[in-house]
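Residue numbers (our numbering), protein chains in the order written: chain P, 389 to 883; chain H, 5 to 220; chain D, 71 to 355.
Honestly, the hints are just simulated from the structure, not real lab data.
Treat the hints with care, since some could be wrong.
Said to hold, decoys possible - Listed next, the in silico DSBU-like pairs over lysine-lysine satisfying Cα-Cα at most 35 Å (straight line):
#1 H/K209 - P/K543
#2 H/K120 - P/K628
#3 P/K627 - D/K274
#4 P/K543 - H/K59
#5 D/K274 - D/K113
Unchecked claim - Footprint (simulated), chain P over chain H, 3 or more residues, beta carbon under 8 Å:
#6 139-151
#7 162-172
All C-beta atoms in this analysis are idealised placements derived from N, C-alpha and C, irrespective of residue type, glycine included.
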Amino acid sequence: MRFTNTMDRPAYRWPRGVRIALWFLLIALACIPFTDLEISSLDPWIDLSRLLRGFMAPQLMQPSLVIEALLATLAFAFAGVGLAVVCGFVLALAFNNPVMRGFCALLRSIHELFWALIFLQFFGLHPLTGLLAIAVPYAGVFARMFAEILDQVPKQPEQTLPADTGYLSALLYTRLPLAWPHLVSYTSYRLECGIRSSAILGFVGLPTLGYYLESSFSQGYYPEVAALLILFYLLVASKKLWLRRWTFPVFIVGSPFFMGEGMPIIWGNVWRFFSQDIVPAPLRGSDASWQSLIDWFTHILIDQALPGVWNTLILSQVALAVTGLFALSLFPLISRHCFSPAGRLPGHLFLVIARSTPEYLLAYILLQLLGPSMLPAVIALAIHNGALIGYLTGRHSNEIQLRHDAPRRRLDRYCYELLPRTYPAFLSFMLYRWEVIMRETAILGVLGIQTIGFFVDSAIQEIRFDVALLLILIAAMMNIFVDLIARRVQRSFIG
Amino acid sequence: MSALAIHSGPLGYDGQTVLQPVSLDIQAGEQLILLGKSGCGKSTLLNHIYTENRKECALIPQGLGLVDRLSVFHNIYMGRLSHYGLLHNLRNLVMPAAARVDEILPLLERLGLSDKCFATVADLSGGQRQRVAVARALYQGASVLLADEPVSALDGPEADRVMSLLNQHFNTAVITLHDVERALRYGQRIIAIQHGEVVLDEPAKRLSVNTLNAFY
Amino acid sequence: MFRVLVRGLLLMLLTGAVNAAPVFVFTAIPDQDETQLKQRFQKVADYLQETLQTEVRFVPVKSYAATITAFRNNQVQLAWFGGLSGVKARELVPGSIALAQGIEDPEFKSFFIANSATGLSAAEHLPASVRDLTFTFGSKGSTSGRLMPEYYLREQFGESPDDLFSRVGYSGNHSRTIALVESGAYQLGALNYKVWEAAVADGKVDTSKVQVIWETPSYPDYQWTLRGDMDAIYGEGFSERVQQALLNMTDPELLSSFPRSGFIPASNDDFEPVRVVAKQVGLLD
């Protein structure tokens with residue numbers, strides 16, 4: 389007998405995780421008509437081939453300058469991350485306090501380049517600018533991660549301590565040693581991010597690699613660009629060789645000596661910045677009124693904040709979707725269930741290069757090659773973040789044990805075995821990355837793409853720090869908001 | 005005089021009751037043994053007693069509560085963290101104070117761990133770890149011992165040595181065990197728990213191995 | 071670890087403080103290729119050091135705004151500004167004075183350039199057919215690459231560049247503007263006429279791919295600006311000595327790197343027209 393009544397056939401419903409991803413994909417598709425994805429360069433291949441030829445014959449500019457820049461890049465990364473670890477740890481201890489939590493969220497929702505632009509206004513090109521630009525947002529990141537790590541530590545050792553044990557004693561003897569390996573491995577990962585951030589700070593004038601990269605690139609000296617990039621990759625790839633338990637303190641102590649001398653700090657400038665520069669313009673004169681403040685605010689909101697926020701939103705949603713697709717298609721390249729060890733080598737190489745190139749730098753390069761539109765930004769964000777998530781997902785897939793009679797055909801194996809098993813991890817990486825992509829999208833505006841960073845940069849170029857700060861805060865709110873949504877989605881997915 | 009008075013409501017976690025309300029008076033000098041199948045609520049009761057009376061109690065939880073990355077010395081020293089100021093604790097963490105080492109070495113000797121003073125806990129065997137937790141309780145100097153299966157990982161003679169050490173050291177104790185003979189040997193009062201309820205509360209001398217085996 | 075870090079920080083702050091010895095520092099707006107700027111201003115630094123008998127240092131910066139900020143923060147005392155950046159800087163630092171300008175600067179102008187593929191050629195006015203093309207300024211804070219071109223565009227078409235063109239970008243500096251229009255990344259651009267002429271003379275431009283299609287009327291532009299409190303720090307008459315040193319710059323090699331044929335005295339009032347225009351365009355409050 390055949391069932392002909394469809395009512396009896398159980399309806400198939402996609403799993404929740406798939407539905408979440410489809411929503412994101414739909415949103416991205418809806419954004420595409422508003423996204424400017426044109427290749428406006430008449431002949432992108434000319435510049436691209438010149439860049440590739442540069443890689444064939446890299447050429448070092450003055451070696452002494454480059455070595456100085458390399459050392460400065462490391463110095464800012466180490467000192468910045470070192471300071472952030474200490475501050476972040478202290479903040480992590482107070483993380484239960486909602487005010488503290490909000491404060492940390494604010495610190496990390498402002499991109500390090502924005503922090504650098506802020507500090508530049510009153511410290512100028514002093515090492516402190518670069519140091520704090522890394523330390524401040526990283527402290528916020530560390531606070532959250534450290535608090536989570538300390539929270540997940542087994543509770544029993546602390547519970548068995550005598551009743552009146554002091555808070556710090558208990559921390560030092562139980563939670564800290566219990567959490568130590570996780571704290572160390574997270575710090576080490578962050579250090580790698582710190583090196584990337586530090587390199588990027590050169591774009592605003594600090595004496596790190598980015599400084600020379602920007603110069604060489606904007607002048608079209610591709611062999612020099614290639615040499616600098618290769619050096620940067622070697623630096624990141626060889627981290628395991630030079631970063632040891634005992635070298636870390638050496639680097640920290642040594643770092644202040646390699647940050648360049650910059651210009652002297654004049655503390656009066658700091659006071660002026662806070663007491664005048666960031667006060668909204670209509671409040672500065674003697675004829676301040678609520679009306680003028682409201683006019684000022686609505687003017688900025690309509691002309692700058694709204695278009696900036698809108699562009700940031702659509703661009704980051706498109707970039708997020710492309711990142712996901714990219715990661716899902718990349719991770720089999722390094723999965724032991726798909727390729728032999730030798731076959732995985734090219735995949736590993738590609739992923740290492742792609743994830744150690746900061747998206748800001750990638751976007752900068754692609755903007756030169758493809759011309760100004762949102763396309764370079766989408767590609768840059770997708771390559772960097774997709775490679776990172778692809779790497780994490782691939783690593784996760786390698787921990788899976790497949791049954792012996794697992795499907796032979798790679799595509800079957802991918803669809804029926806690997807994808808379903810790695811998908812939850814993939815989705816949480818993506819949700820975590822969402823906020824990062826949004827923050828990066830905002831900052832790419834500094835390169836000329838009309839996200840909110842573009843308007844921040846304009847305000848700074850016009851010496852209107854009140855406007856710049858307001859826009860930076862709006863960008864920060866946006867990131868905090870996305871972070872909240874991401875966590876909610878994550879919880880609904882797990883729960 | 006009663007050392008601990010326990011009057012609990014229903015106990016449990018995640019909204020599930022594991023143990024019905026319990027009323028107990030434990031006299032000073034009384035060695036009380038809790039018996040029952042695993043999952044019957046012994047540990048729940050022990051933990052309840054501990055949270056209500058932290059000040060007087062030293063605890064040996066089932067999971068031992070050791071910090072794996074620290075040395076045996078430091079784990080034992082933790083029993084007296086509250087005795088000393090932060091600075092002393094800090095200094096002792098970085099560079100163990102000779103006076104503290106001298107206090108702890110005899111304990112280690114009695115527990116057969118004298119060669120392990122500065123060994124990392126992570127490198128020890130299960131039985132050695134259990135003895136470290138015992139040493140921590142001994143070092144703490146509290147008046148009451150609360151111990152959850154303190155000798156489960158030790159062999160017979162070793163287990164007896166540790167039990168009598170605990171017996172001498174703490175004159176008031178609440179200890180969970182699953183070995184009935186050992187319970188009769190070291191307990192003055194025995195409480196059995198079954199299906200989340202106290203079903204027996206008698207002095208040890210009135211009980212025999214056979215009566216107690218009924219609860220397993 | 072804590073202590074190590076604190077020590078490092080202290081050291082850094084100390085070195086910052088020691089640096090406060092009055093080295094005379096100057097900077098310049100990064101309006102062109104950096105290598106050229108560095109060569110140019112290192113020569114100027116050497117010349118000034120010799121002439122003024124005090125230690126002189128040139129500090130390069132990455133943006134127009136950074137030049138103004140460094141000047142305002144008293145981290146540099148002298149700067150080679152464009153018209154707009156100079157006006158802003160002097161407004162922010164009361165007492166500062168425009169000392170000298172190039173002989174060409176009172177009659178400066180901007181060139182509008184177009185990629186050959188647009189088919190546009192030189193004319194008396196910008197043709198109406200520029201509408202909906204893509205267009206790049208130089209730096210956001212440039213006079214000849216942003217302010218004046220925008221002013222004349224608004225004057226001629228009665229609308230903002232964003233409404234007029236299909237895409238408006240900011241290349242960053244004049245050399246980049248040439249490169250971007252030449253490569254076709256943008257169809258049109260506007261820039262400093264001196265940079266264009268020098269690039270053409272040096273053979274750096276493929277004039278078959280990019281040509282000048284319009285030149286603006288003239289306006290005042292670049293100048294050297296000095297902070298007002300210099301005499302108190304470096305001794306009576308220091309400001310005049312700096313001015314004299316700049317005006318006496320006659321070495322053709324030095325001058326050609328700017329490129330200017332010589333320097334003449336300037337005053338703050340010379341740049342009033344720039345201020346008025348900047349207010350109209352909305353780049354000044």
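Comparing the hints with the structure gives:
no.	hint	verdict
1	H/K209 - P/K543	violated, 38 Å
2	H/K120 - P/K628	holds, 33 Å
3	P/K627 - D/K274	violated, 41 Å
4	P/K543 - H/K59	holds, 18 Å
5	D/K274 - D/K113	holds, 23 Å
6	139-151	holds (count 3)
7	162-172	violated (count 0)
Of the numbered hints listed earlier, those contradicted by the structure are 1, 3 and 7.
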